[in-house]
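Asks: Keeping their order, the protein sequence lines are chains A, B, C and D.
Sequential numbering from 930 applies to the first sequence in my numbering.
Sequential numbering from 13 applies to the second sequence in my numbering.
Sequential numbering from 151 applies to the third sequence in my numbering.
Sequential numbering from 263 applies to the fourth sequence in my numbering.
One or more hints might be untrue.
The calculated DSBU-like cross-link candidates involving lysine-lysine, where the alpha carbons are at most 30 Å apart (straight line), are [stated by the list, open to error]:
#1 Lys224/B to Lys160/B
#2 Lys434/D to Lys299/B
#3 Lys434/D to Lys224/B
#4 Lys115/B to Lys160/B
#5 Lys286/B to Lys250/B
#6 Lys224/B to Lys64/B
#7 Lys38/B to Lys115/B
#8 Lys194/B to Lys244/B
#9 Lys314/B to Lys160/B
#10 Lys1039/A to Lys1003/A
#11 Lys38/B to Lys434/D
#12 Lys286/B to Lys434/D
Pair by pair, the computed Cβ-Cβ distance ranges are [said to hold, decoys possible]:
#13 Ala300/D to Ala1302/A: 41 to 49 Å
#14 Leu242/C to Val197/B: 52 to 60 Å
#15 Ala261/C to Val370/D: 47 to 55 Å
#16 Ser1157/A to Ser352/C: 40 to 48 Å
#17 Gly520/D to Gly192/B: 45 to 53 Å
#18 Leu246/C to Glu1090/A: 38 to 46 Å
#19 Arg455/C to Gly1158/A: 56 to 64 Å
#20 Glu300/B to Gly520/D: 30 to 38 Å
Some but not every residue of chain C turned toward chain D, in silico, with C-beta under 10 Å [unchecked claim]:
#21 Ile213
#22 Pro233
#23 Leu235
#24 Met237
#25 Gly238
#26 Ile264
#27 Leu275
#28 Val392
#29 Ala396
#30 Ser433
#31 Pro435
#32 Val441
Hints in this document: simulated from the structure, not taken from any laboratory.
Heads up, the beta-carbon is just placed ideally off N, CA and C, and yes, glycines get one too.
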Amino acid sequence: MPSAASALHMRGIGKVFPGVKALSGVDLAVRFGTVHAIVGENGAGKSTLMKILSGAYAPTTGTIEVAGTEVRMKRPADAQKLGIRMVHQELNLVPDLTVAENIFLGRMPKRLGFFDRGGMVRRAAAILAELGAAIDPQQRLGDLSISQQQLVEIAKAYAAEPRIIVLDEPTSSLSEHETVALFRILRKMRDAGIAIIYISHRLKEVLDIADEVTVLRDGAMIETRPASGITAAEMIRLMVGREVSNVFPKTPSTIGREVLRVRGIGDGERFHAISFDVRAGEILGLTGLVGAGRTEVARAIFGLAPLTSGTVEIDGAPVTIGSPAAAARAGIAYVPEDRKGDGIMPAMTVRENISLPVLRRLANRFGRVRRGAERELAGTYVRKFSIVPPDGERRIGLLSGGNQQKAVISRWLATDPKVLILDEPTRGVDVGAKAEIHGIIGQLVANGMAVVMISSELPEIMGVCDRVVVMRDGRASVPLAREGLTEERIMALATGEESAEGEAA
Amino acid sequence: MIGKTARLPAAVAAILLASTAFASAKTVCYVTAADSHAYATPANVALNDRAKELGIEILSLSQNFDVQTGTEQVSTCIARKADGIILWPLDPQAYIPALARAKQANIPAILINSPMAEQANDFIKSFTGPDVYEEGKLAADSLSEAMKGEGAVVVIAGQAGNGTTIGRVGGFVDRLKEIGSKIEVLETVNADFDQQKALVASRDLITRFGDKITGVYANDDTMARGFIDAWKEANSGKPTPPIVGINGQRDAFDSIRSGEMYSTIVQSPVEDGKLAIETMAEILDGKEVKARLPIPLTVVTKANVETVQPAF
Amino acid sequence: MSAFVSTLLRYRVAVILCLTLAAATLIVPGFASLTTLSLGLDRGSTIGLIAIGLTVLLIAGQIDLSVGSVFAVSGIVGIMLQPALGMGWAALAGVLAGTAAGVVNGFLVVALRINSLVATLATMLVFRSVAHWMTASQPIPGNDIMFSITLSEIYLEVFTVRSGLFLVSILALHVWLTRTVAGRNLFAVGSNALSAEASGISAGRIMFLSFVFASTLAGVAGVLQSLVTNTGSPVYGSELTVAVIAAVVVGGTRLEGGRGSALGTLGGVLTIAALTTAMEFQSVPAYMQQVASGLILILLVVLDRTVRTGRRKPAAAPAHA
Amino acid sequence: MTDIAAMGQTTKDAARFSQGSRMVGMLSRAGLTLAILAVILYGSLANPVFFTAGNFVNVLMSMSIVGIVVVGMTFVLVVGGMADLSVPATIACGAILSLALQSYIGPVPAFAVAVLLAGLTGLVNGVLVGYVGINPIIATLGMGTIVLGIVQAAVGGVIVYGTDPSSADFVKSRILGVPMIAVIFIAIAILGNFVLSRTFWGRWTIATGGNYSAAQASAVPVRAVRAGAFVITGFAAGFSGGLLGLTLQSARPLVGQGYEFSAITAVVVGGVSIMGGFGSIPRAMAGLVFVQLLTNVMVLQGVRTPIQGFVLGLLIAGAVALDIALRKRGVA
């Protein structure tokens, strides 16, 4: 609808951090009643642009017009007064308050300073119902699953009756069918005349939902186009400035003996009777809706959470795993889902991050860590996986997501594990790095390692894995061979339209 | 879970049972300074023992050196309708309102060990025990005798703001003025009746004044010991300047014999405790008692060190 | 665990309080009486008034070690200025001195971003020496003993001015925390300051005000104490801070912020007051009293843990104030 | 590729993650060194006796006792344990037992038992904090009161005297003019530094303080590491308590009062982050030296005892504020 009025017009936006030019000359025009997607690799400047839009940063240069009038935003509150709402990638919620209180946080309905809880709860319930989310508004938010919290975050933005709503990777922790629900809502909002700015790595989704697409690269605006006039391949080309032929190359590897055998494990709460096995040189995909219990299974196998039933065998010998240390000894490695939270030690150098699990081995009998050996170890992986910058002494917090992820993987290869469990290894990683990481995984299996890969991204699962286990509500399907497996089939299993319980295997 | 929650009352019960049972005899409420202290403990023991002999029930409350607790405890005593109150004041006036209320409730009260401001006298029957101010004066006399009335002293005082400190320093300084002595006070430091703090402070004082120090007055023997150790570190072999302490601890006696200390002032906690309860007993029997009942203070020097009993 | 036990756990503070009272009544003759109650309340109210402030501060995820020193300073000001201003205004000045101290703490933590544990450790020392400075380390007497006595009169068999004030304030706090927007925002800030900020709540402002509030109440308690004893002393309140923090935490308020309740604090204060009174009635040595209250503190916090580990969070997440 | 997202995020967390921080770290350490030099300069100008071997030996001896505690406390802060408030109790435990038991089992075993029991207290602290997951402040506060109460009950509250002068002579003896107690302190400091900065345990400690769950997911025995810091402090405090008892040849239950705060002060002034994950023994020691020299100068200049607290307080606030300011500059 080209006639629609301009909701937001950013002109010549530039932002400079000490020593770094984050943005330069970015123009962005968004109209009411449209979904405007912004795509680009990490570091392309998306987050900075959005932080400016939300009032968190002030632009070094440029002007911002909201609904045709120029505005200055000094703090998030200003942006909110203008009707701009953010749905952040890392959730902006308060665990200790109830869902309702979170939805109305900062703008609770008051009467003489007192607020009427009843009214608030009713309104919250209504909104959640509208979003088709089955969440009790009286529940303590901290007790919800991540994807439920994500929905609350969206409800919160929606409840503010915004004129412009910005969603930053809103589906990163949503399952396919929750995503579908979200899109339904977004379209509804759009038709209600709200301007929607949609940021995502998932190009397929972008093409689904967006009316217009703006591509950023290295802090500069490359191009804005109607979504109808662009393909995923083109977008990728514009984003990385190069042609990326096959996004998910599958390096062939010879599949050997069985390494990990899991039989009927459960934690008595979030997953039950899970059984599967992984063979040397094989990549087993573990997928399903978020909250289906994939991560919980992985954490339990790695000793981060207790098992109440079932057995885990490595090379046919049963192992009892009480702690990650024990898991490491047994030859199991785990690259966690939340890189910032569970992955890196931001204050430590790349070297120190890599050597952490093997320090004991690097230490002499007085416990003194042999610096030489440590440097050598780190150096090997920095070179092998071409971690940028190629400097083991650099604080890891300064590296890009992709390079941090490579370092975290290196950390585990140092223990030369038999089984490597990767939990969403490419989430929030840009297209280039994604390919590299898939390459690395390819090498590993080629050298006979057994890999379990958790991912919500079906194309990735389909592209990389030899067999796939689909989880639903804490139960697992039988491992499905890659041949003849379709995304539709996986969705069917994940959503319960088709059932193939795992006890059989 | 249940096990855990159930353990608590058991614990409380144990603690409560561990303590003395309640009887209908005359009950005297004894608000002591602390029940874990070199001087207070023997005083408490003596007081309790004597009370048994006199057939008096003692309800003893320990302030643990916290004035505020103390004032509240006096209220407790009033609420418990005790027949008498023996208070060990840690502050010259904070207790006065509480004592006034005790008087309103016709509960006789006396002070043990430390004095209070004049206003208190209207509300107490008597003050038994050593006069810390008097001790200060005696110390002044003893020290100026040792220093032939001239020279320079450092004063190692107790806690700032503590009643005993105020008395013992005040008495000392006033007495020096009184006798117009030419002794100059170089510096007064607070070492909180703590040997280590005294040791550290003394090191600095010795470095700072060196041989200027021709005399030392410590508010108690523990701190005197601190100074002696510091002196030995600084200049081994060199004889210590005359040092005067208070309390008459056993090790102070040894120091006097060996000449490291010049004198101390014995105040016996046992006498202190006994006198207090005996006075209270007389009050309870309706007898009149003197407003001021001091316990004997003996200045101990080399001359009489063999004949006097150390306080503790 | 069974519903019954979990209920017991949810109301553990009340349970412990009742158990304490029951045990005391059984073992201590003449414990169950109005006088005991009024005593306990009066003794509780000093700690209690400060605890009210600290509850707010802890919910905001901050801590204040300086309340004990503020307690002393305010009392001294309240007494010192009596000749000049008269009792009422002097008292007010004392309270304001507390407020001022709160402004300093708030500034250090909010403006200079110093961790509150460190900042208030520093001001604890500073305010304490200010107290010594003003008084030359000598306790100073007030004007009017009779007023002190009337202050500790017991009304309706039970309440003193202090305990009455305490009870009213803590009920007010309860309403404020649970029923007002500001109260909920306080929880939001303590639970996740960044999110609160992003939702347009000024976390800094709320934290700053919490510090001011806490110190002001410490000031009130200090002035009352000084009026009741008719003395301003530089050594007042040196033992207080620990006791107060204990009371608040026993009341189920979390040091990490985001959780806590006024009624819980009331329970905590009363439990400790009851325990002390009961043990004093039996001449239990102070050090045994310490052991007992220490045990209760640990026990309740452990219980609190067991309740929370029912939740999704990893059991031993690092505890950051 | 410079990752702005990462940059933005680092501004949120402690700024030290940023590139500038290495420079800033040096700057803040240099700042402390300069401060120390300033104090020395002022001291020597203001007071003739300040700049003398004798005086420096005094300062060294005075800092030895608390210094040993500082070594332990550094571990607690670095691991993200905030503070160990049970130190006064553990010191008392060390001091009283090492004297009280002398007459029964001889000085050396007595000392050993005393230190062991203090370490045991540390262990309980560690279990409560590391395994049960209780806030360190509360756990150590509670344990402190309990242990102190028990110690007082054990000795009935009176002063305990040493019965073996030879042990005192040993502590008071000197090696090339350096007091034995200082030698012991320095040895412990060096050992502590070795453990924290060179060994895998030290690295684990820093990692756990820096990002608990990431350390856990990296097969670091985080609970043990957290607990360990408190055990170390328990032993350190017990040890310094024992030495204290031997130097004084007498001990009271409250002998350890105030040491916890002096130790924290030194560590914090040294620029060790109270939020954990960052800090070193040398930094803490620099902080200790600065505080001790300053106090020494104040005493030599005849500053009244209460006022010293005032200066110390301002000092803590000032040092930390400066540190934070410097870091901020380092980032944006």
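Asks: If you draw a straight line from the CA of Lys224/B to the CA of Lys64/B, is it 30 Å or shorter?
Replies: violated (53 Å)
Asks: Could you check if Ile264/C really has its C-beta closer than 10 Å to a C-beta on chain D?
Replies: Ile264/C check passes; min Cβ-Cβ to chain D is 5 Å, inside 10 Å.
Asks: Does the interface hint hold: is Val441/C within less than 10 Å of chain D, judged Cβ to Cβ?
Replies: holds (4 Å)
Asks: Need the status of pair Lys115/B, Lys160/B: alpha-carbon distance at most 30 Å?
Replies: Cα-Cα ~48 Å, so violated.
Asks: Regarding the pair Lys314/B and Lys160/B, is the alpha-carbon distance no greater than 30 Å?
Replies: holds (17 Å)
Asks: Per the hint of 41 to 49 Å, is the separation of the Cβ atoms of Ala300/D and Ala1302/A within bounds?
Replies: Since the Cβ atoms of Ala300/D and Ala1302/A sit about 42 Å apart, the hinted range of 41 to 49 Å holds.
Asks: Against chain D, with CB atoms and a cut of 10 Å, does the hint on Met237/C hold up?
Replies: violated (27 Å)
Asks: Given the proposed pairing of Lys286/B with Lys250/B, does the C-alpha separation stay at or below 30 Å?
Replies: Violated: Lys286/B and Lys250/B sit about 42 Å apart, past 30 Å.
Asks: With chain D as the partner, please determine if Pro435/C meets the hint condition of a C-beta pair closer than 10 Å.
Replies: holds (7 Å)
Asks: Starting from the hint 47 to 55 Å, judge whether the C-beta atoms of Ala261/C and Val370/D obey it.
Replies: 54 Å Cβ-Cβ, so the 47 to 55 Å window holds.
Asks: Within 30 Å, alpha carbon to alpha carbon, are Lys1039/A and Lys1003/A?
Replies: Holds, at roughly 26 Å.
Asks: How does the Cβ-Cβ distance of Glu300/B and Gly520/D compare with 30 to 38 Å: does it lie in that range?
Replies: violated (47 Å)
The structure fails to meet hints 2, 4, 5, 6, 11, 12, 14, 17, 20, 22, 23, 24, 25, 30 from the earlier list, while all remaining hints are met.
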